[in-house]
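J.: This is what each chain is made of:
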Amino acid sequence: MAEKFDAIVVGAGPAGNAAAYTMAKAGLSVLQLERGETPGTKNVQGAILYADALERIIPDFRDDAPLERHVIEQRMWVLDEKSFIGTNYRSDAFNSDQPNRYTILRAPFDKWFSGKVKAAGGLVICETTVTDLIQEGKKVIGVRTDREGGDIYADVVILADGVNSLLAKKAGFHGELEAKNVALAVKEIHFLPEEVVQSRFNIKGNEGVVIEIAGAVTHGMVGTAFLYTNKESITLGIGCLLSDFKKAGIAPYTLLEELKAHPAIAPLIEGGEMKEYAAHLIPEGGYKAVPTLYGEGWMIAGDSAGLVNAVHREGSNLAMTSGRLAAETVIALKEMKLPCTAPHLARYKAALDDSFVMKDLRKYKELPDILHGNPHFFSVYPQLLNRAAHTMLMVDGQDKHSKEKTIRGSFVEQRSLWGLVGDAYRMWRATR
Amino acid sequence: MHIVVCIKQVPDSAQIRVHPVTNTIMRQGVPAIINPFDVFAIEEALRLKDRFGGRVTVLTMGPPQAEDALRKAIAYGADDVILLTDRAFAGADTLATSFALAQTIRKIGEEHPVDLVFTGKQTIDGDTAQVGPGIAKRLGLQLLTYVSAIDALDLQGRTITVQRRSEGGVQVIQTRLPALITMLEGSNQIRFASMDDMFRSARLTVPQWNKDRAGIEDVSKIGLKGSPTVVSKIFTPKPRAVKAQMIGADLDASGTANAILDILGSRHPRLAQELGLIAP
Ligand SMILES: Cc1cc2nc3c(=O)[nH]c(=O)nc-3n(C[C@H](O)[C@H](O)[C@H](O)COP(=O)(O)OP(=O)(O)OC[C@H]3O[C@@H](n4cnc5c(N)ncnc54)[C@H](O)[C@@H]3O)c2cc1C
Ligand SMILES: Cc1cc2nc3c(=O)[nH]c(=O)nc-3n(C[C@H](O)[C@H](O)[C@H](O)COP(=O)(O)OP(=O)(O)OC[C@H]3O[C@@H](n4cnc5c(N)ncnc54)[C@H](O)[C@@H]3O)c2cc1C
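Residue numbers (this note's numbering), protein chains in the order written: chain A, 1 to 432; chain B, 1 to 280.
Check before you lean on any hint, since a few could be wrong.
[To be verified] Coverage of chain A stretches by chain B, computed from C-beta distances (three or more under 8 Å per stretch; other residues unrestricted):
1. 51-62
2. 138-150
[Said to hold, decoys possible] Listed next, the in silico EDC-like pairs over lysine to aspartate or glutamate satisfying Cα-Cα at most 20 Å (straight line):
3. A/111 x B/274
4. A/118 x B/67
5. A/118 x B/110
6. A/4 x B/250
Please keep in mind that the hints were generated in silico from the structure rather than gathered at the bench. Glycine included, every Cβ here is placed at the ideal spot set by N, Cα and C.
Work the whole structure out from these sequences, hints included.
T.: Written out as structure tokens, the structure is:
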């Protein structure tokens, strides 16, 4: 006989785990299906964990979650071919009992989160791919898996199957992902002894440093790179828009190789043993690319709904929050004995609109278009900034006033005065 | 027919790394898998069950986490699983391991007599290939090692015919039941579990047996106490130093060729004789 559940969750990333855990804890019968061998085996993230989103789901997560380091210092670097200019922000205030950002490794983290789902009474089945949504007219009534006897039914299906959701596409919930709305990122983990990580970044115990990087390494493509410290390793990655990769004809791993060889980066990873290489897509279309989020008997959360804040490199927290809000919607409807019809599931959209998820995406809604139209943000400015710093720091007999004039001149020469003013205005509007 | 399959949970050796500084094996974060040889044993047992009916019980001795391996066995279609786990088993070598497993199989047999026991040929972490034979000897089972295929099973006549790989060829052997078979790799392909079995596996509470449940009274034969093996030293073997011999390039082509042949001849006199380089 076919099985039936209150809810089926597809995917065991942050969005799926948040949804499954929240519903299971509330006593609903929940089935979670994941195609990976264990939760996390297929997942890629930098990865920074933002504590707040998880705290609202598992308040005491710090007791047993596999966290690598808590972030006490953030560096922003703009690279030129040979140099970089940057800022550091480091504060002992980040060494509180409840730090707000951690580096994590997704494989152990997702496994831990999934363990919580099971402990809360959720049924988790891995190595099983959902191939189709079972629909009765427009209404989703279950899922079909790749296994014999694989039809399973539920009152509601939450899609948390990550970027480029084939299921949502197949069911016609959203269209083809556009190359300009998705970034391709590659990353490597380099193993280094704990003491080496600590001394290279001037940190103690579990303190951590993150470096966000822009500039010449992306060859003018819209994209950024990052370097995160873990307990015994360093994660290094770079990502650019898929459409730009296509146009430029450069392979992502070429960028990563160049990044690793850059004089600012090479000494930080020197002697490391490469342990893991991964490539993954990131939905970066922002607010305008968010698809319909619910319908008859279904909701969609996390990356599969395009909920990523590319400007701040936030994704997992939006995923967890959307998963939680979808789950809370189901719980509320069950309590009121209301069916999971589209009008009732509209509460999910309302809750998302009311949360930081949609508010932040709305705030930056013009940014993707501006970056597309203004490639010099990623080519000309990094060079100019580095050259300016170089000019100011060279003690070569030239007076400082003339140096400033040279710098101003170089900016105007590369980009007209009006261009500069326009850029400033557009950026201000897009991020205001 | 009742088949017992012994499996061991092992670290996925493909993912083990050696700490570059301390040279120790880093087990942390290395996923645990069913010993690959044992997967062939599970599948072979299931195939016999498909053909002849009966039940398959999968047994492992290990820490509580080893229940993941048994959960997987249920997903493949095993009927029952038993996790033999007790602090008293800790530190067991092959002697103590085969004693504990044999004793447990004897106990299992009291409820459902056992016709066949399967193990893998060897594990990928301990590598000794001693546990299967150790069990067979203790239980008085016919022992068939290095089995690559099962040709026939006659439940009335109580015989089994298998192909066994040996040095230089394949032996076809027939023996009496009950027997113990150690399976070779590559002999079959594990099945893709059905949705029903996935549900059974996800919902299963894995039965745990401690030493008392397994009917083990003599604690001097299990765990560290029952393990005479002593690890005196662990080290990474140095790669064999390959000595390269340099030949001067100041000779002409035939001179160089002769120089090489001379060296070959002095190192491999028989080859040289066969090639007629030197007189017999
Ligand atoms: C290089 C990189 C760096 C990043 N850095 C950060 C960062 O530092 N901080 C941050 O917050 N975010 C970061 N992100 C974004 C973040 O990783 C994602 O936003 C987040 O993982 C989304 O979670 P999710 O649960 O929606 O999707 P995923 O984590 O992708 O999970 C989806 C799951 O669904 C499963 N699945 C898919 N299809 C099926 C199917 N048909 N049947 C069954 N299972 C299926 C997949 O196997 C997967 O486990 C980064 C992303 C990348 C690529
Ligand atoms: C030199 C040496 C020192 C060791 N020292 C220690 C030690 O100090 N502490 C310690 O804990 N371990 C130790 N071990 C490991 C332990 O002896 C073995 O893991 C165990 O006895 C099984 O031996 P094996 O892995 O070689 O199995 P093999 O004999 O190669 O296994 C053959 C088959 O037997 C079955 N089998 C083996 N083990 C089990 C099991 N546990 N449950 C069910 N079926 C099984 C499987 O079907 C397997 O394919 C040591 C091993 C060696 C070689």
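J.: Return the numbers of the hints above that this structure violates; sort them in rising order.
T.: 1, 3, 5 and 6
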